[in-house]
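The sequence shown runs 491 to 599 under the working numbering.
No lab work stands behind these hints, which were simulated from the structure alone. Be aware that a few hints might be false.
Stated by the list, open to error - With a straight-line Cα cutoff of 30 Å, these simulated BS3-like cross-link-like pairs (lysine-lysine) come out:
{"id": "1", "residue 1": "K494", "residue 2": "K574"}
{"id": "2", "residue 1": "K587", "residue 2": "K494"}
{"id": "3", "residue 1": "K511", "residue 2": "K569"}
{"id": "4", "residue 1": "K569", "residue 2": "K494"}
{"id": "5", "residue 1": "K567", "residue 2": "K511"}
{"id": "6", "residue 1": "K587", "residue 2": "K574"}
{"id": "7", "residue 1": "K569", "residue 2": "K587"}
{"id": "8", "residue 1": "K511", "residue 2": "K574"}
{"id": "9", "residue 1": "K511", "residue 2": "K494"}
{"id": "10", "residue 1": "K573", "residue 2": "K494"}
{"id": "11", "residue 1": "K587", "residue 2": "K573"}
{"id": "12", "residue 1": "K494", "residue 2": "K567"}
{"id": "13", "residue 1": "K587", "residue 2": "K567"}
{"id": "14", "residue 1": "K573", "residue 2": "K511"}
Unchecked claim - The calculated label-pair distances, taken between Cβ atoms and stated as ranges, are:
{"id": "15", "residue 1": "G582", "residue 2": "A513", "range": "34 to 42 Å"}
{"id": "16", "residue 1": "D588", "residue 2": "D516", "range": "34 to 42 Å"}
{"id": "17", "residue 1": "K573", "residue 2": "A496", "range": "36 to 44 Å"}
{"id": "18", "residue 1": "H502", "residue 2": "L584", "range": "20 to 28 Å"}
{"id": "19", "residue 1": "K494", "residue 2": "G579", "range": "21 to 29 Å"}
{"id": "20", "residue 1": "T510", "residue 2": "I591", "range": "27 to 35 Å"}
{"id": "21", "residue 1": "A496", "residue 2": "M599", "range": "33 to 41 Å"}
Remember, predicted model here, so these are calculated numbers, not experimental data. Ideal Cβ positions, reconstructed from N, Cα and C, are used throughout, including at glycine.
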Amino acid sequence: MRVKLAAQVLSHSVAAEIYTKVAGGDMPTETLATANLITNMDELFNGINASTPDLRRGKFFSANINHSSEHLQMLNKMKTFVKKFVFLGCRGYLPSKDGWIWTLNGIEM
491 MRVKLAAQVL SHSVAAEIYT KVAGGDMPTE TLATANLITN MDELFNGINA STPDLRRGKF
551 FSANINHSSE HLQMLNKMKT FVKKFVFLGC RGYLPSKDGW IWTLNGIEM
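Construct all of the structure, not just a fragment, from the sequences and the given hints.
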């Protein structure tokens, strides 16, 4: 999957639409797990790809990482989140899980 497409699919807008559909009874409550995954991935992408010294489009983690920001707490939260990933139907080892952990550890340094 291309990064641009992943960023569009795993975005706040898509998660918000799912939350709205569940609240309106148009989607089953089990769909909230997908919305939570999308919300976390959106936060993660915003935090890692931050490119501005201030808030952009109201997304807190789109601002640059610094020692006084809440990014370090978010990175720890995301490490815990990624460690819980389970890839259903996968028979082998997927290095992407470790890759995310290494990336998050590297950013923390």
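Worksheet item: Any of the earlier hints contradicted here, and which numbers?
Response: 17 and 21
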